[in-house]
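Here's the letter readout for the chains.
Number of protein chains: 2
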Amino acid sequence: MAVVISLDAMGGDNAPAAVLDGAVASLVRHPDVSFLLWGDQARLAPMLDARPTLKGKAEICHAEAVVGMDDKPSQALRRGRNTSMWLAIDAVKEGRAQACLSGGNTGALMAMALVQLRTLAGIKRPALASLWPTVKGDSVVLDLGANVECDAEDLVDFALMGAAFARIEMGLSRPTVGLLNIGAEELKGNEAVKTAATILKESGLPFEFTGFIEGDDISQGKVDVVVTDGFTGNVALKTAEGTAKLIASYLRGAFGSSILTKIGYVFASGALKILAAKLDPRAHNGGVFLGLNGLVVKSHGGTDGMGFAAALDMTIDLAKAQIGQKIAHDLTHYARKLAPPAAPEAPAALADPA
Amino acid sequence: MAVVISLDAMGGDNAPAAVLDGAVASLVRHPDVSFLLWGDQARLAPMLDARPTLKGKAEICHAEAVVGMDDKPSQALRRGRNTSMWLAIDAVKEGRAQACLSGGNTGALMAMALVQLRTLAGIKRPALASLWPTVKGDSVVLDLGANVECDAEDLVDFALMGAAFARIEMGLSRPTVGLLNIGAEELKGNEAVKTAATILKESGLPFEFTGFIEGDDISQGKVDVVVTDGFTGNVALKTAEGTAKLIASYLRGAFGSSILTKIGYVFASGALKILAAKLDPRAHNGGVFLGLNGLVVKSHGGTDGMGFAAALDMTIDLAKAQIGQKIAHDLTHYARKLAPPAAPEAPAALADPA
Numbered sequence: 001m002a003v004v005i006s007l008d009a010m011g012g013d014n015a016p017a018a019v020l021d022g023a024v025a026s027l028v029r030h031p032d033v034s035f036l037l038w039g040d041q042a043r044l045a046p047m048l049d050a051r052p053t054l055k056g057k058a059e060i061c062h063a064e065a066v067v068g069m070d071d072k073p074s075q076a077l078r079r080g081r082n083t084s085m086w087l088a089i090d091a092v093k094e095g096r097a098q099a100c101l102s103g104g105n106t107g108a109l110m111a112m113a114l115v116q117l118r119t120l121a122g123i124k125r126p127a128l129a130s131l132w133p134t135v136k137g138d139s140v141v142l143d144l145g146a147n148v149e150c151d152a153e154d155l156v157d158f159a160l161m162g163a164a165f166a167r168i169e170m171g172l173s174r175p176t177v178g179l180l181n182i183g184a185e186e187l188k189g190n191e192a193v194k195t196a197a198t199i200l201k202e203s204g205l206p207f208e209f210t211g212f213i214e215g216d217d218i219s220q221g222k223v224d225v226v227v228t229d230g231f232t233g234n235v236a237l238k239t240a241e242g243t244a245k246l247i248a249s250y251l252r253g254a255f256g257s258s259i260l261t262k263i264g265y266v267f268a269s270g271a272l273k274i275l276a277a278k279l280d281p282r283a284h285n286g287g288v289f290l291g292l293n294g295l296v297v298k299s300h301g302g303t304d305g306m307g308f309a310a311a312l313d314m315t316i317d318l319a320k321a322q323i324g325q326k327i328a329h330d331l332t333h334y335a336r337k338l339a340p341p342a343a344p345e346a347p348a349a350l351a352d353p354a
Numbered sequence: 001m002a003v004v005i006s007l008d009a010m011g012g013d014n015a016p017a018a019v020l021d022g023a024v025a026s027l028v029r030h031p032d033v034s035f036l037l038w039g040d041q042a043r044l045a046p047m048l049d050a051r052p053t054l055k056g057k058a059e060i061c062h063a064e065a066v067v068g069m070d071d072k073p074s075q076a077l078r079r080g081r082n083t084s085m086w087l088a089i090d091a092v093k094e095g096r097a098q099a100c101l102s103g104g105n106t107g108a109l110m111a112m113a114l115v116q117l118r119t120l121a122g123i124k125r126p127a128l129a130s131l132w133p134t135v136k137g138d139s140v141v142l143d144l145g146a147n148v149e150c151d152a153e154d155l156v157d158f159a160l161m162g163a164a165f166a167r168i169e170m171g172l173s174r175p176t177v178g179l180l181n182i183g184a185e186e187l188k189g190n191e192a193v194k195t196a197a198t199i200l201k202e203s204g205l206p207f208e209f210t211g212f213i214e215g216d217d218i219s220q221g222k223v224d225v226v227v228t229d230g231f232t233g234n235v236a237l238k239t240a241e242g243t244a245k246l247i248a249s250y251l252r253g254a255f256g257s258s259i260l261t262k263i264g265y266v267f268a269s270g271a272l273k274i275l276a277a278k279l280d281p282r283a284h285n286g287g288v289f290l291g292l293n294g295l296v297v298k299s300h301g302g303t304d305g306m307g308f309a310a311a312l313d314m315t316i317d318l319a320k321a322q323i324g325q326k327i328a329h330d331l332t333h334y335a336r337k338l339a340p341p342a343a344p345e346a347p348a349a350l351a352d353p354a
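Chains as they are written, first to last, in my numbering: chain A, 1 to 354; chain B, 1 to 354.
Chain A extracted, bound-state conformation:
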């Protein structure tokens, strides 16, 4: 399937160069893909000329403005209809592209994506999902910060959407799903996780619900999909990043502590390079907004071309596999099993995502 990806060429600390370099790298692996490059025509044209392999596959689409990294989502929404971010999402809405990727302001991207694409029927809130490295490979974790407070039905929706992500990105036919909690026993946790667990125990779902897991189970790869609210998920993700940085600083300190350990560093450098590659955050770049009528992916703003290419590869995988249709299908087939009958969903209210 020929896929067009709409790129916010101006989003991120190293844009537009990192965006264009990422597209060049990703194109080697996905020669059938083409791109819309949203941004400043005058600035992008010579940069595209300098990248001949990309030039035949990319169309520059002029956007006058850029969403600032510190703009509030509400400001961006009111004044940002001429920005590269808004227009890149609009191309998905209009069917010109199958997915949008941006390294810009996360809150603005979330708000613009929600306003333009709206949630899938049956989904109250979109979720931000990402791959998390584990001792067994990767797991999908969601929500990573799109929703501060979630009820049981939100968590159940996240389970369905995360399982669809895991089936596509990790090639699993029946992923295992766990609910993040503060103990494996059924009596623990807040009302939302306890009620969600009761609903998820229903049989017939397109995944294997294994019950509660704890924070240390994430990196052990105990389940393929980790479901949690956006507050807890965001704190967990950033705490893990902080811990990795702490250990890296311990390691530098340990190897620099004496002449002998400095000599050890020379001999160990091969192994330490392998370790650094394993811990390279660029390899796990890309947060996917799930549950919208259209695919939007967030790249880390500070990444380089290699990191941007990793997020782009994932975006292309998900677009080719039509993850939106898969989630919509699952929702239709399993919705009646998941929740008691309810009145039709009102349109999602718009608020600043926190």
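Watch out, some of these pointers could steer you wrong.
The list treats identical chains as interchangeable, and a pair is accepted whether it falls inside one copy or across any two copies.
[Claimed, not checked] Straight-line alpha carbon distances no greater than 27 Å define the calculated DSSO-like cross-link-like pairs of lysine-lysine that follow:
| # | residue 1 | residue 2 |
| --- | --- | --- |
| 1 | K245 | K136 |
| 2 | K136 | K201 |
| 3 | K320 | K57 |
| 4 | K201 | K57 |
| 5 | K57 | K194 |
| 6 | K262 | K136 |
| 7 | K273 | K262 |
| 8 | K320 | K136 |
| 9 | K201 | K72 |
| 10 | K93 | K55 |
| 11 | K57 | K93 |
| 12 | K194 | K72 |
It should be emphasised that the hints constitute simulated quantities derived from the structure, not laboratory data.
With chain A fixed as given, assemble chain B onto it according to the hints.
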């Protein structure tokens, strides 16, 4: 000040040996301390005979039963009045000891401590606090799981109690305090953290409130005291532990990947031992229940004598510094600045701590 510590000698996977070995090790650093050893007289007597330095400093106090590691807190409360855990806490209530340390069932310890000691006047819920390693040394983090759902006033109480802990254990005159959130901007987060931040901005508190911090700031040591609800704190702590395990497994894999990296391991082993010592969880053993009329500390159940000694050292420090009185003093002096006038506090309701 002469201090007596009440030890649940039967609590933990390696009890009673680890408890007694820990007391022997701690006694070298704190020769002025003595112990009550709660447990099976017949089992403890020969073990104490084999530890002559401890024998003159410890009194065996017979307890018929032991709280099981899998007992529910409610079960333990109903049937556990003859257990070593209950009696060890009772000794603090009766004034025979200044603090209690147990490596047993956390939920049962929390429930028994709450029933016997009750919360300090003005404190709705006790919190579980611990030291967290950072690039700058240690920080205090609370709540680590005593309270699943917390409101703004709970978070403010945690800030006061955590600051008292940091003043004593880290020797700081005016610790910095941060509220864990999913972004540093004021508009982010749930209602509880936003309201707590407003209250904490009041001047005249015995600490420096620096605002919101994110998960990755914990290990960077951005603040001396990290305040969060028990659900988020527990997940963050366990996620950090899981990440450290993941990196250790990457490191083993990297050094075992080829003959060259195996040779590198031999030369790097000095540095790797330094790293292992830095990451040794035994060095940070000990969760303190703050906010009760009496000091109760939880040791990790799976630790050995060295880990138990670390928790015991901290228990002795906090008991000598009379942390309970310090918190009560702070509450009295700052309560009116912290919250709008309210009706007198009803006694804390008892529930299974989750």
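Right, here's what the structure says about each hint:
no. : hint        : verdict
1   : K245 / K136 : both (21 Å within a copy, 13 Å between copies)
2   : K136 / K201 : within (25 Å within a copy, 45 Å between copies)
3   : K320 / K57  : within (17 Å within a copy, 72 Å between copies)
4   : K201 / K57  : neither (47 Å within a copy, 54 Å between copies)
5   : K57 / K194  : neither (50 Å within a copy, 47 Å between copies)
6   : K262 / K136 : between (32 Å within a copy, 22 Å between copies)
7   : K273 / K262 : both (16 Å within a copy, 14 Å between copies)
8   : K320 / K136 : within (26 Å within a copy, 47 Å between copies)
9   : K201 / K72  : between (40 Å within a copy, 23 Å between copies)
10  : K93 / K55   : within (24 Å within a copy, 77 Å between copies)
11  : K57 / K93   : within (21 Å within a copy, 76 Å between copies)
12  : K194 / K72  : between (34 Å within a copy, 17 Å between copies)
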